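Chemist: Okay, here's what each chain looks like letter by letter:
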Amino acid sequence: MNGKPGHIAFENVTVQFGEEIAPFVVLEDCNFEIESGKFNILVGTSGCGKTTLINVVAGYEKPSSGRVKMDGKVITGPGRDRLVVFQETALFSWMTVMQNVLFGPVAQNLDKKEAKGKAWDLLRRVGLQDFADKYPTQLSGGMQRRAELARALINNPKIMLMDEPFRGLDAMTRELMQEYSSRLFEELGITQLFVTSELEEAIFLGDRIYILSARPAKVVKVIDVNLPRPRDYSMLASKEYAHVKFEALEILYEEAKKSFEAGGMDGADLIEAFDKRKDQLK
Amino acid sequence: MEIEAGSKTLPARMKKIYNVHAFRAMFAIVGFFILWEVLCKLKFPVFRNIPPVEEVIMGLWDVIFLPKYWASWPASFFRIISGFLLAQLVGVPLGLAMAVNRYAKDTVFPIIEILRPIPPVGWIPVAIIFWPTREMSVIFVAFLGAFWIVIVNVLGGAAAIDLRLRRAALSLGASRRDIFWKIILPATLPSIFTGMVVGMGITWEMVVAAEMIAGRTGLGYMLWEFYLTYKLGALIVCMISIGIAGYISSGLVRLAGRKLMPWRRQF
Numbered sequence: 001m002n003g004k005p006g007h008i009a010f011e012n013v014t015v016q017f018g019e020e021i022a023p024f025v026v027l028e029d030c031n032f033e034i035e036s037g038k039f040n041i042l043v044g045t046s047g048c049g050k051t052t053l054i055n056v057v058a059g060y061e062k063p064s065s066g067r068v069k070m071d072g073k074v075i076t077g078p079g080r081d082r083l084v085v086f087q088e089t090a091l092f093s094w095m096t097v098m099q100n101v102l103f104g105p106v107a108q109n110l111d112k113k114e115a116k117g118k119a120w121d122l123l124r125r126v127g128l129q130d131f132a133d134k135y136p137t138q139l140s141g142g143m144q145r146r147a148e149l150a151r152a153l154i155n156n157p158k159i160m161l162m163d164e165p166f167r168g169l170d171a172m173t174r175e176l177m178q179e180y181s182s183r184l185f186e187e188l189g190i191t192q193l194f195v196t197s198e199l200e201e202a203i204f205l206g207d208r209i210y211i212l213s214a215r216p217a218k219v220v221k222v223i224d225v226n227l228p229r230p231r232d233y234s235m236l237a238s239k240e241y242a243h244v245k246f247e248a249l250e251i252l253y254e255e256a257k258k259s260f261e262a263g264g265m266d267g268a269d270l271i272e273a274f275d276k277r278k279d280q281l282k
Numbered sequence: 001m002e003i004e005a006g007s008k009t010l011p012a013r014m015k016k017i018y019n020v021h022a023f024r025a026m027f028a029i030v031g032f033f034i035l036w037e038v039l040c041k042l043k044f045p046v047f048r049n050i051p052p053v054e055e056v057i058m059g060l061w062d063v064i065f066l067p068k069y070w071a072s073w074p075a076s077f078f079r080i081i082s083g084f085l086l087a088q089l090v091g092v093p094l095g096l097a098m099a100v101n102r103y104a105k106d107t108v109f110p111i112i113e114i115l116r117p118i119p120p121v122g123w124i125p126v127a128i129i130f131w132p133t134r135e136m137s138v139i140f141v142a143f144l145g146a147f148w149i150v151i152v153n154v155l156g157g158a159a160a161i162d163l164r165l166r167r168a169a170l171s172l173g174a175s176r177r178d179i180f181w182k183i184i185l186p187a188t189l190p191s192i193f194t195g196m197v198v199g200m201g202i203t204w205e206m207v208v209a210a211e212m213i214a215g216r217t218g219l220g221y222m223l224w225e226f227y228l229t230y231k232l233g234a235l236i237v238c239m240i241s242i243g244i245a246g247y248i249s250s251g252l253v254r255l256a257g258r259k260l261m262p263w264r265r266q267f
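In order, the protein sequences belong to chains A and B.
Numbering-wise (our numbering), the first sequence opens with residue 1 and increments by one.
Numbering-wise (our numbering), the second sequence opens with residue 1 and increments by one.
Read the hints as simulated data drawn from the structure, not as lab findings.
Owing to the predicted nature of the structure, the values given are computational and were not obtained by experimental measurement.
No false leads were slipped in.
List time: in silico DSS-like cross-link candidates among lysine-lysine, alpha-carbon distance up to 27 Å:
1) A:K118 <-> B:K182
2) A:K62 <-> A:K73
3) A:K113 <-> B:K182
Okay, the calculated bits of chain B under chain A, using three or more residues with CB under 8 Å as the criterion:
4) 161 to 175
5) 184 to 198
Beta carbons are placed, not taken as given, at the ideal position from N, Cα and C, and that holds for glycine.
With the hints as extra help, turn the sequences into a complete structure.
Modeler: See below:
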């Protein structure tokens, strides 16, 4: 643990829904730690429990057993030190961009003038200074994401939790947002816990990739990404990139196959396709 | 909206579009009356007994000079506004209370769900017996009509609020009061206004029905009187008057909605 805030520790965390007799187990005896001050990526197939992981860190859901700690303190509920950017925009559509960004400081009764100054700074940084008095519905998807980032950053969180935030965006906007997130992290150094199902996104953005198994989710592999910062798209052609991608893909195929098999053997031909693809990799 | 090509400035373009729509509306209304006249004169099955357009125009002539007719407009409007406003003033807070407070919902909701299916028109006898004046009886029936609509829409709107919005607010440090006033209330406003627009229509239905049965003044009462005295032309004029009055009322509600919800582009 370095001196930076945002260290997260999962200690024997189990999250299950439903009755005792037939529970739906999402996480089971999950034990891992993520390093503060780094860009941490969680990668896994759909339905493996990545969103539940984020929800537990954010404090929206409580573990059925075990506990999650941030910087040594147990997480009991939502808080300003852990801010979330969701898959679909959670901006308040009845408030302007400026009002949205100011929501956190206003809720804390902080000095309005100072907060407004910070807000303008952040809006300039995310490039939305001309849209401060517009409503979220008047912004494009990429702009909405940037507004959400500003809304979160003004509260100086210790960790940013991002749950597939670029999912609905088109490829160009997505790449721009990835580059932007990279720069932002390199500039501000806030611990990131980023969930994605896109492996390329994970390698481009991350310092460390945690690969999750099929449900119930556990961390099956941790891969360090030894690409230099600031990140550049030319690195996608590097040897290190290919190496990380190969390592990750092998495991991901296994896990995808497992989650598919868990749903019955009806998809036998798809599982066959998985195996073929995996052999082609070698 | 038609896209007018060319370098016209926006106001000029809007004016042209407005005129096209207005022209079409006038054309349709005139066409409607022509069709009516033709069907009556050709003695089509149903249209044989319906007064043709010239009888309606003669009815209009009678009605314009009837002070009682003009007095019926404010009489009806008073009941509409009273019943409608009461329904909103009681219904919106009650609906919101049920949305946020489990205890309130568990106690009040069953009673509402048992009473709601009773059509307000069915309440008229009880209303006449229960309330001291006819006026209050009519307003009560109007109130009921709008009240159920308000409750249903408020509850539905509050339930439909995205869970992530609440979660985002909690993460940003919002208190319970903040969540109610800054998240739940604004997010439910569009549903509240839908309830108002629908409720306004229902209120008119209830007032007209109540006036026909129990009233001594008002547009609904006039309609019934013209029926009893077999003044069919005037009767049709009365019906059209009610339509116009309802249109004005709904228009006012929509205008209020546009002002109060600037973030909704179309309403």
